[in-house]
Amino acid sequence: MNQKKIIVAAILLIASSGGLHAQEAVPAAGNEASGAGGTCSYTIGQIAYTSNSGANGEVNQGVQQPYEILTTAGIEDHTITLELAAFPNPTNGLITISVSEYSQEKLSYQLFDTRGKLLEEKEITQPETGISMDRLTPAAYLLKITDNGQLVKEFQIIKN
0 MNQKKIIVAA
10 ILLIASSGGL
20 HAQEAVPAAG
30 NEASGAGGTC
40 SYTIGQIAYT
50 SNSGANGEVN
60 QGVQQPYEIL
70 TTAGIEDHTI
80 TLELAAFPNP
90 TNGLITISVS
100 EYSQEKLSYQ
110 LFDTRGKLLE
120 EKEITQPETG
130 ISMDRLTPAA
140 YLLKITDNGQ
150 LVKEFQIIKN
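Numbers 0 to 159, taken from numbering that gives the first Met the number 0, label the letters of the sequence shown in order.
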């Protein structure tokens with residue numbers, strides 16, 4: 000009877016050990032670092048990384064899987080020659096948007112509070128456009144400049 004219990008326990012132990020091979024690496028830490036030159040993801044404690052490729056594709060083994068997102072077609076490159084300035088910043092009441100070296104139409108601005116509420120939106124038709132902030136409380140505001148709905152530049156404006 001004891002021998003049967005030992006055999007059953009051994010079979011159960013061998014059968015359950017298949018799941019133990021699933022985890023080859025337990026990383027200590029990992030993160031993503033980004034800067035002006037690009038982005039780098041890293042894992043600390045990953046011992047092995049293998050990449051196998053063939054005619055039908057590629058298989059990557061390891062904890063961290065690389066991927067790349069490419070824009071392939073249908074996207075127009077909108078190169079804009081534009082100089083924008085918003086001054087004075089910080090301001091007491093009137094902020095001026097100065098636009099130079101730009102000949103396109105449909106340039107507009109949007110002024111938001113810190114909660115994302117749209118406070119004012121107008122089209123920019125002159126080289127210099129004034130925005131009165133007298134009615135607003137002293138705080139930080141976000142000024143977005145758009146061209147045909149596409150974001151061109153953002154400014155953080157401080158009202159004293």
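A portion of the hints provided could be inaccurate.
[As the list claims (entries may be wrong)] In silico DSSO-like pairs for lysine-lysine, Cα to Cα no more than 27 Å straight-line:
(1) 116 to 158
(2) 143 to 116
(3) 152 to 121
(4) 121 to 105
(5) 105 to 116
(6) 105 to 152
(7) 105 to 143
(8) 121 to 143
(9) 158 to 143
(10) 152 to 116
(11) 121 to 158
Hints were generated in silico from the structure; no laboratory data involved.
Results of checking the hints against the structure:
Annotation: proposed proximity of residue 116 to residue 158 holds, straight-line Cα distance about 16 Å (limit 27 Å). Proposed proximity of residue 143 and residue 116 is supported: the alpha carbons are some 13 Å apart, at most 27 Å. For the hint pairing residue 152 with residue 121, the CA-to-CA distance comes to about 15 Å; that is within 27 Å, so the pair holds. Distance hint between residue 121 and residue 105 is fulfilled; the C-alpha atoms sit about 10 Å from each other, no more than 27 Å.
Between residue 105 and residue 116 the alpha-carbon distance is near 22 Å, which keeps this suggested pair within the 27 Å criterion. Simply put, residue 105 and residue 152 have alpha-carbon atoms about 14 Å apart, close enough for the 27 Å limit, and the pair holds. A C-alpha spacing of about 14 Å is found between residue 105 and residue 143, which places the hinted pair at or below 27 Å, so the restraint holds. At most 27 Å may separate the alpha-carbon atoms for a hinted pair to count; residue 121 and residue 143 meet this at roughly 11 Å.
In summary, the hint linking residue 158 to residue 143 is supported, as the alpha carbons are separated by about 16 Å, within the 27 Å threshold. Restraint check for residue 152 and residue 116: satisfied, since their Cα atoms lie roughly 18 Å apart, inside the 27 Å limit. Between the alpha carbons of residue 121 and residue 158 the distance comes to roughly 19 Å, so the proposed pair stays at or under 27 Å and holds.
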